[in-house]
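Undergrad: Chain by chain, the residues run as shown.
Number of protein chains: 2
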Amino acid sequence: MINNYLSQTTKVMKSSLIRELVATTKNVPGLISFAGGFPSPATFPKDILSKLYGEVVAEEGRDVLQYGSSEGDNFLKSELLKWEGYGDLNQDNMIITVGATNAIYYMTRALIDEGDVILCEAPSFLGSLVAFDALGADVQGIPMDAEGLDLHKMMEKVKQLRENGKKIKFLYTIPDFQNPAGVSMSLARRHELLNYCEAEGILVMEDNPYSRLRFSGEVLPTLFRIAHEEMKNSYLVTEIISFSKILGPGMRVAYAKGDATLINKMVSWQQKVNVCPDCVTERVAAKFLAGGYMNPHIQSICDFYKPYLAKMLDSLSVNMPPYVQWTTPSGGIFIWLWLPEDMNADKLFFQAKEHLVTFIPGSKFYPEGQEKFNCLRLNYTYSSLEQIETGIERLAGLIKSIYA
Amino acid sequence: MINNYLSQTTKVMKSSLIRELVATTKNVPGLISFAGGFPSPATFPKDILSKLYGEVVAEEGRDVLQYGSSEGDNFLKSELLKWEGYGDLNQDNMIITVGATNAIYYMTRALIDEGDVILCEAPSFLGSLVAFDALGADVQGIPMDAEGLDLHKMMEKVKQLRENGKKIKFLYTIPDFQNPAGVSMSLARRHELLNYCEAEGILVMEDNPYSRLRFSGEVLPTLFRIAHEEMKNSYLVTEIISFSKILGPGMRVAYAKGDATLINKMVSWQQKVNVCPDCVTERVAAKFLAGGYMNPHIQSICDFYKPYLAKMLDSLSVNMPPYVQWTTPSGGIFIWLWLPEDMNADKLFFQAKEHLVTFIPGSKFYPEGQEKFNCLRLNYTYSSLEQIETGIERLAGLIKSIYA
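Same order as they appear, the protein sequences are chains H and L. Note that our numbering numbers the first sequence so that position 293 is 293, with each residue one more than the last. Quick note, our numbering runs 1000 ahead of the 1-based positions in the second sequence.
With the rest of the complex left out, here is chain H (with noise of 0.2 Å):
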């Protein structure tokens, strides 16, 4: 009956197929899970929240349970500006929104018309290709090489595309411990980007869920932060942080910074969607960085995690053919794997759950069309140390013994 009445874009709208994926290994006894993309609950400081939370009702309460400003709780953004050393930006270039998939929408809102296009690394983040996708976009994936994403092949495709009167928007890049792939985006290739991007009029939505969580080697600045600081380019760069991944993801807080018109656009969209994020928990975010809490807090995560990165890699090296390859990152939360070209991740799945071991077939991180069927994500920050090393065992176990 309903059906009748739904939006042409809602009719043909695609839902996670992660999310399906992942339902078909539910209550499955023994079943060893790298599929999600969930941290470890165990890295939540509840405790310290519990008592923040506590505080911040009873002593703002009057403040926070009332309606807050569409652009954010301006507490919040001045500690944001303060921890991240941002001196010279304002209130105007910062949105807090509910949750970095929030900001990803509002500011695809703002930018994309029917067939516009959105560049982004293939594979992608699955959250964003479907957002794009809804709202119209034509999303064209562009390869990454060890250094992330193959600047090469992004002018190649750039090219064609403007030959056949593409318009493009903006790239989509998750430059730090890339989702899916892990892999990290090195210095130079920044520079080589955003230099190719100012000239070319390519905008940039830098997704930074992960960069915190680098568990060794160097930092590497932004792309926000090379292009503020060293282009001096107030524009071409939109940076969106999670406090997902650091913080706890249930309390649904991040933001973004950029040109303050585009900035003002999104804060429009927020008007209408959202009106303002929930006050209360933006209050005690502001209040978990006023206190000083965060930075411990993240080295505490990245301490968590680490044994976890270096059992799955290592459990790799140990049980995994040579014909099967991986990439090491040094920190974010997942592993990508590369199988031999003539198999299938998406039958390997089916194969893997009878042998009790799950994952995410790599083809559902592609824009549609452009899928590649021989590659996984595994995600070491769900499962116990033991696990990891027998959940590894069993999929390379299957491999081996298809593959034979």
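Source of the hints: derived by calculation from the structure; they are not laboratory data. Please note that a few of the clues may not be correct.
[Claimed, not checked] Below, computed lysine to any residue pairings styled on SDA-like, alpha-carbon distance capped at 25 Å:
| hint | chain 1 | residue 1 | chain 2 | residue 2 |
| --- | --- | --- | --- | --- |
| 1 | L | K1051 | H | F75 |
| 2 | H | K26 | L | E1060 |
| 3 | L | K1046 | H | I168 |
| 4 | H | K11 | L | A1260 |
| 5 | H | K14 | H | F373 |
| 6 | H | K26 | L | N1090 |
| 7 | L | K1082 | L | V1219 |
| 8 | H | K347 | H | Q325 |
| 9 | L | K1306 | H | Y67 |
| 10 | L | K1400 | L | E1386 |
| 11 | H | K311 | L | R1062 |
| 12 | L | K1014 | H | D116 |
| 13 | L | K1046 | H | A290 |
| 14 | H | K159 | H | G115 |
| 15 | L | K1011 | H | I168 |
Fit chain L to the supplied structure of chain H, relying on the hints for placement.
TA: Same frame as chain H, but now just chain L:
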């Protein structure tokens, strides 16, 4: 620079005119404001909420700080179904959203293609009107009488729109203590309206932020309840209930009940827009219901507001000249005032500011091009009793001096 990149919709999108108007009255010393739509902070149950927030995060932090489901917290849903007494509905008929505007946005997104018609009361809630507009709807207002939406006018409008080949998707209505008019739809009108909508295949979006704020008189069944219980129609009405006026708007909690297919599509949009609501706040709201706090709390809000409404109605009776008329609601937070036909409340707004009293000009609540100018909205929940008396004296004095 960024302007060249904006989407067409975003370029022409209107921000809230009310917001800009209200901004012009900021920092005027001694100004009495009847402009806002904010609940009184004195009604926020901050001590109970402070305790619940602290407990929920301490005891259930591993759960509520994690990602939640896009359809909302099951515990909250089941408490809501119990609270409302809908034992025969199940969780598939409900979505939890980040405030009521968020539910309105999802439902509109799920149903409206560019140019589709949304019918609404004229005047109506501006937040919804701008969202409808931004989503490309053709918004058509229908006048009200003392019993609510004028059904004969609606029938004429539907006939005329269909003759012009227009596709009418749904009626947006606020049957209880309508914003801005303060009118409640009579029981007879509710039945007539629903029978008509069912016969004509026009869905109903019932926006219900105020029905629990009834200070006197008989509680009327919601449109959803009539459709569900009497008409046995499971798809006709989707009801959106906000906690903003009965708990605290800063918490951003609302929910929608309706046809499972439609709710599922709204969930798909929530996945792309917010992923899920704030899980901490969802669980706190659930505990507030489970603890039996809600009904006594609502009674205390009604007891608190009742004298403010009485004071404003009394002040209007005492001070206003006979050519000014107003609605006499039994609850909610607004009164609507009609000036003589040749008076313009947009102009009066600026004169009133000089006389240290403010309100929202009625024209701001009409779909574009369908404005009435001899009307205005008064809020009585955000001023003291003395301010209400003085403010209405000032406004009446000004009107008499202009019209004399």
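Undergrad: Now tell me if each hint is right for this structure.
TA: Against the structure, the hints come out as follows:
no., hint, in the structure
1, K1051(L) - F75(H), "holds (23 Å)"
2, K26(H) - E1060(L), "holds (22 Å)"
3, K1046(L) - I168(H), "violated (49 Å)"
4, K11(H) - A1260(L), "holds (15 Å)"
5, K14(H) - F373(H), "holds (19 Å)"
6, K26(H) - N1090(L), "holds (21 Å)"
7, K1082(L) - V1219(L), "holds (19 Å)"
8, K347(H) - Q325(H), "holds (18 Å)"
9, K1306(L) - Y67(H), "holds (22 Å)"
10, K1400(L) - E1386(L), "holds (21 Å)"
11, K311(H) - R1062(L), "holds (24 Å)"
12, K1014(L) - D116(H), "holds (23 Å)"
13, K1046(L) - A290(H), "holds (22 Å)"
14, K159(H) - G115(H), "holds (17 Å)"
15, K1011(L) - I168(H), "holds (17 Å)"
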